[in-house]
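Participant: Chains as they are written, first to last, in my numbering: chain A, 5 to 404; chain B, 5 to 404.
Honestly, I wouldn't trust all of these hints.
Examples of chain A residues lying across from chain B (beta carbon under 8 Å, computed) [stated by the list, open to error]:
1) Leu31
2) His35
3) Asp55
4) Leu174
5) Ala176
6) Arg178
7) Val179
8) Ser181
9) Ala183
10) Asn366
11) Gly369
12) Asp374
13) Gly378
14) Pro379
Calculated lysine to aspartate or glutamate pairs in the EDC-like style (CA-CA distance at most 20 Å, straight line) [what the hints assert, rightly or not]:
15) B/Lys51 to B/Asp36
16) B/Lys113 to A/Glu238
17) A/Lys152 to A/Asp164
18) B/Lys370 to A/Glu238
19) B/Lys272 to B/Glu194
20) A/Lys237 to B/Asp55
21) B/Lys51 to A/Asp302
22) B/Lys370 to A/Glu368
23) B/Lys90 to B/Asp49
24) B/Lys51 to A/Asp300
25) B/Lys237 to B/Glu204
Hints were generated in silico from the structure; no laboratory data involved. The beta-carbon is built from N, C-alpha and C at its ideal position, and this holds for glycine as well.
Each chain, letter by letter, is given below.
Number of protein chains: 2
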Amino acid sequence: ATTAKARLPEFLEMMERELDRVMDFWLKNSHDTINGGFYVCLGRDGKRYDDLKYCWLQGRQVWMYCKLYNNLPKYHTPEILQAAKKGGQFLMNYVKNPTTGKCYFTVTKEGKAVKVQRTIFSECFYMLAMSELARATNDDVYKQEAIKMLDQLQHWVCVDDTALGRPQLLGAPRVNSLARGMIFLNLLDELTAGDPALQEKYASLEKWSIEQSLQHMQREGTVILETVSTEGKELPGSAGRLMNPGHAIETGWFLLQCGTKHELAELKKLAVDNFIARPFQTGWDQEHGGLYSFLDVDGLSPTQLEWNMKLWWPHCEALIATLMAYRETKEERFLDMFEKVFDYTFSRFVDLEHGEWFGYLNQEGKVTQDFKGGPFKGCFHVPRCLLLCTQMLQKILKGE
Amino acid sequence: ATTAKARLPEFLEMMERELDRVMDFWLKNSHDTINGGFYVCLGRDGKRYDDLKYCWLQGRQVWMYCKLYNNLPKYHTPEILQAAKKGGQFLMNYVKNPTTGKCYFTVTKEGKAVKVQRTIFSECFYMLAMSELARATNDDVYKQEAIKMLDQLQHWVCVDDTALGRPQLLGAPRVNSLARGMIFLNLLDELTAGDPALQEKYASLEKWSIEQSLQHMQREGTVILETVSTEGKELPGSAGRLMNPGHAIETGWFLLQCGTKHELAELKKLAVDNFIARPFQTGWDQEHGGLYSFLDVDGLSPTQLEWNMKLWWPHCEALIATLMAYRETKEERFLDMFEKVFDYTFSRFVDLEHGEWFGYLNQEGKVTQDFKGGPFKGCFHVPRCLLLCTQMLQKILKGE
């Protein structure tokens, strides 16, 4: 049998081709040339089935366009930059509430507010967009906007979250959710790259983000739980037993990146063993293949109805994480994991007919929803995965 | 082949037996003898997997206990009454916020607030509990509490909903959701039964509830849409195209009951044809059997991840609705539909080993979650269905 190592050139070639096919889909179907910003509710063939603009995805698409513009000559085009800038303008004009600094979750195509969440994620993706737009344009306005938003996020999360509008209820003490520490690791990595002064400014926030993330290692480090107490203890009930393998694995590569940057051997080891390898083993469906969306650590039924569905994004994160773990450790077990996800993903999620990937499969791997973009799926996880993996594969093949 | 009509005694016998098995499950496993109220997160065998008390289900279980106490001699016991009263006390002490009148969505086992929704449903089930508790106890305190809550609900829905705490956003005009008109039909039927003065008081609210419900008939009456504009027009996008067959069918029997009570022949006809027969045909999975959870009226993929799952409650509602439609019309097509749901339900949802019904099946009919009680499943849809169907079957068999 061909080893995974021997297939590296094949992986690279297929992922390069797939990146172009995926970006073609968004470039062709998602631009709102009238209002700016991006349509995201796109059917299998790219046809729009809803005009609503989901704001996580507005920020993410701007970030993605800028990332490609800044990293691949092929995407360093005026068209890409122009679309990103119009998206950034839409974010600043309509997604952020200038009075409160809160960002909406959904707006109409013209930018009228439809829905606001009492969390921080629209704001996080707003920040990522501004941060990468600053690099693409060399315009300090965007960078200052990103810094301002990060400072506000830090205030909400570490000092006072009253402005988020969540009621303080006696039976609901604060908790530590994996998404929070994890997203801060990503925000900091993105914003401070190549800027030692900003790295210095946010050093203690980065330390806090690592600590918050590591608190989710429970039961002697054998599992990553989605929600723990603020003291890093296991919580009672379904919420306390919940595992989200895709989230754990995504956190894994954020931690690994951080450990690599700062040369923290112990952190790197925790990242690859506890956040990537173990959740991958636990989260993989031995019978039908693919990563579960949710699991209960005691083997009970998760209350999330979609627990056994196979979603595109955990597979994207697993491709990045296992390849990065291989790059850092040179252990072939990570390349075997990568191969497993690659084969599952390229045979099930990829749509050879219309481009982009399906997002939702049932446990057996059959497509349950055929749209390419929707309230939570946009131009982000798939092209980010393909960009990062092709970059890593090129370096691995060059022996760097 | 045996006709559905010939199987009526079999249906009755199996549903009577099932009602007792289901109630045994709740009587044995759900009572919190220390704090009052009911544990609802119960695994396949009745073992508790979470202490949280979901408040829709607190109100519903009190209502169910009282309904059985008031209707079946077998359940007219001090134990049932005592548990219902303790549940009622828990609702009044801990679920309702005395300052605002709002009810919580979740509380701890001791009654500390965990979560509050910006909707009206915890309050609706609180009202149902008080209304039936008044009948069981002959205590006017409960009746006044029910009336007070209904008046408050009417104020929120028809006059001013500021107190619900939903932000008013420019891109989100008010809409007419099926759940709202539908639940008011049920609340009014329950509260005013046998009380002509109350029927008089709420006559215009009942008329409003009928009108609101009928607005959901769209496309020349061929479909029932879950959400329409306040002018009764179809809305754009996924939300505007959404159908929930179980909801339509449940609304169908509420409307049919209302039409029967007031001898409104035209309303009865709309109820059985447009709200029961058509959504049943559209909602039934021709390949695997069972009712879909959601469908898009244009045949696109619904964005709800669980759209193709088969949930227990639409099947409970379909059993009630088709049998009631048969009782009122004597058309055998409704008995055929009843038989179809009966056979699907009794072969898939019923758990002969541990009692009560599974709540969640995948499209092919395999159990995906094995718990009997959870955040949205309690002592309500199954026993309500079994009580109403056995009562109807007895009358049909007696030729009444």
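Participant: It remains to establish, for every hint, whether it holds in the given structure.
Facilitator: Quick rundown of the hints versus the structure:
1. The beta carbon of A/Leu31 is not positioned within 8 Å of any beta carbon in chain B (closest approach about 23 Å), and the interface hint is therefore violated.
2. Because the closest C-beta pair between A/His35 and chain B is about 19 Å apart, greater than 8 Å, the hint is violated.
3. About 6 Å separates the beta-carbon of A/Asp55 from the nearest beta-carbon of chain B, less than 8 Å, and the hint is met.
4. Contact between A/Leu174 and chain B, as hinted, is supported at the beta carbon level, the nearest pair being about 4 Å apart and thus within 8 Å.
5. The interface hint given for A/Ala176 holds, since its Cβ lies 5 Å from the closest Cβ of chain B, which is under the 8 Å cut-off.
6. Residue-level restraint check for A/Arg178 is violated (minimum Cβ-Cβ distance to chain B is 13 Å; threshold 8 Å).
7. Taking 8 Å as the C-beta cut-off, the interface hint given for A/Val179 is violated, the closest approach to chain B being about 12 Å.
8. Hint status for A/Ser181: violated, given a least beta-carbon distance of 15 Å to chain B, over 8 Å.
9. Against a cut-off of 8 Å between C-beta atoms, the interface hint on A/Ala183 is violated, since the closest Cβ of chain B lies about 18 Å away.
10. For A/Asn366, the shortest C-beta to C-beta distance to chain B is roughly 7 Å, which falls under 8 Å, so the interface hint holds.
11. For A/Gly369, the interface hint is violated, the least distance from its beta-carbon to any beta-carbon of chain B being 13 Å, above 8 Å.
12. A cut of 8 Å between beta carbons decides the hint on A/Asp374: the least distance to chain B is about 5 Å, and the hint holds.
13. Hint status for A/Gly378: holds, given a least beta-carbon distance of 5 Å to chain B, under 8 Å.
14. At its closest, the beta carbon of A/Pro379 sits 6 Å from a beta carbon of chain B; the interface hint therefore holds under the 8 Å criterion.
15. For the hint pairing B/Lys51 with B/Asp36, the CA-to-CA distance comes to about 13 Å; that is within 20 Å, so the pair holds.
16. For the given pair, B/Lys113 sits about 19 Å from A/Glu238 by alpha-carbon distance, which is consistent with the 20 Å threshold.
17. For the suggested pair A/Lys152 and A/Asp164, the alpha carbons sit about 16 Å apart, so the restraint of at most 20 Å is met.
18. Note on B/Lys370 and A/Glu238: the hinted pairing is violated, with a Cα-Cα distance of about 32 Å set against a maximum of 20 Å.
19. Simply put, B/Lys272 and B/Glu194 have alpha-carbon atoms about 19 Å apart, close enough for the 20 Å limit, and the pair holds.
20. For the given pair, A/Lys237 sits about 18 Å from B/Asp55 by alpha-carbon distance, which is consistent with the 20 Å threshold.
21. Proposed proximity of B/Lys51 and A/Asp302 is supported: the alpha carbons are some 14 Å apart, at most 20 Å.
22. The suggested pairing of B/Lys370 with A/Glu368 holds, with an alpha-carbon distance near 12 Å, which does not exceed 20 Å.
23. Proposed proximity of B/Lys90 and B/Asp49 is contradicted: the alpha carbons are some 24 Å apart, above 20 Å.
24. Of the supplied pair hints, the one linking B/Lys51 and A/Asp300 holds, its CA atoms being roughly 16 Å apart against a limit of 20 Å.
25. A threshold of 20 Å between alpha carbons decides the hint, and for B/Lys237 with B/Glu204 the separation of about 30 Å lies outside it, so the pair is violated.
Consistency with the previously given hints fails for numbers 1, 2, 6, 7, 8, 9, 11, 18, 23 and 25, ordered from lowest to highest.
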